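Could you build the full structure based on these sequences and the hints that come with them?
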Amino acid sequence: MRRNDSRKRTETLDYIQSMLGQLRVMAENERCDMLAYLIEMAFLEAGEVARAERPSRAGRDRRDSAA
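Heads up, the sequence shown is in the working numbering, so the first residue is 1 and it goes up one at a time.
The hints are simulated quantities; they were obtained by calculation from the structure and are not laboratory data. Hints should not be assumed to be uniformly reliable.
Simulated restraints on C-beta separations [claimed, not checked]:
hint, residue 1, residue 2, range
1, 4, 30, 15 to 23 Å
2, 5, 31, 38 to 46 Å
3, 54, 30, 18 to 26 Å
4, 5, 48, 14 to 22 Å
5, 31, 3, 39 to 47 Å
6, 11, 44, 38 to 46 Å
7, 51, 28, 20 to 28 Å
8, 7, 33, 35 to 43 Å
9, 40, 12, 13 to 21 Å
10, 33, 3, 40 to 48 Å
Being a predicted model, the structure only gives us computed values, none of them experimental. Ideal placement from N, C-alpha and C gives every residue a C-beta, glycine not left out.
Right, dumping it as structure tokens:
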């Protein structure tokens, strides 16, 4: 169950990052520089959080399969 929770979290973070990317483009097109910048920061943060989830999940998968 924990693996599924972790996978769902990673998928959610990937989705959030995708939506933020689209919002950033929209803000840039409207020349809302500060808004685009803040969205970019959130975009990068979502990617970092998702990336941090992946290695720990892989480690748990290896331990589970060895047992």
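The hints, checked one at a time:
In this structure the supplied range 15 to 23 Å is violated for residue 4 paired with residue 30, their Cβ-Cβ distance being about 39 Å. Distance hint for residue 5 and residue 31: a CB-CB separation of about 41 Å, consistent with the stated range 38 to 46 Å. In this structure the supplied range 18 to 26 Å is violated for residue 54 paired with residue 30, their Cβ-Cβ distance being about 33 Å. A hinted range of 14 to 22 Å for the beta carbons of residue 5 and residue 48 is consistent with their spacing of about 20 Å.
Between residue 31 and residue 3, the C-beta spacing of about 44 Å keeps the proposed range 39 to 47 Å intact. Separation of residue 11 from residue 44 is about 19 Å and departs from the stated range, judged on CB atoms against 38 to 46 Å. At about 24 Å, the beta-carbon gap between residue 51 and residue 28 stays in the expected band of 20 to 28 Å. For the hinted restraint 35 to 43 Å between residue 7 and residue 33, the CB-CB distance of approximately 36 Å keeps it satisfied.
Range check, residue 40 to residue 12: Cβ separation about 20 Å, and the 13 to 21 Å hint holds. Between residue 33 and residue 3 the beta carbons are some 41 Å apart, a value that agrees with the proposed interval 40 to 48 Å.
Violated hints for the displayed structure, listed by number in ascending order: 1, 3, 6.
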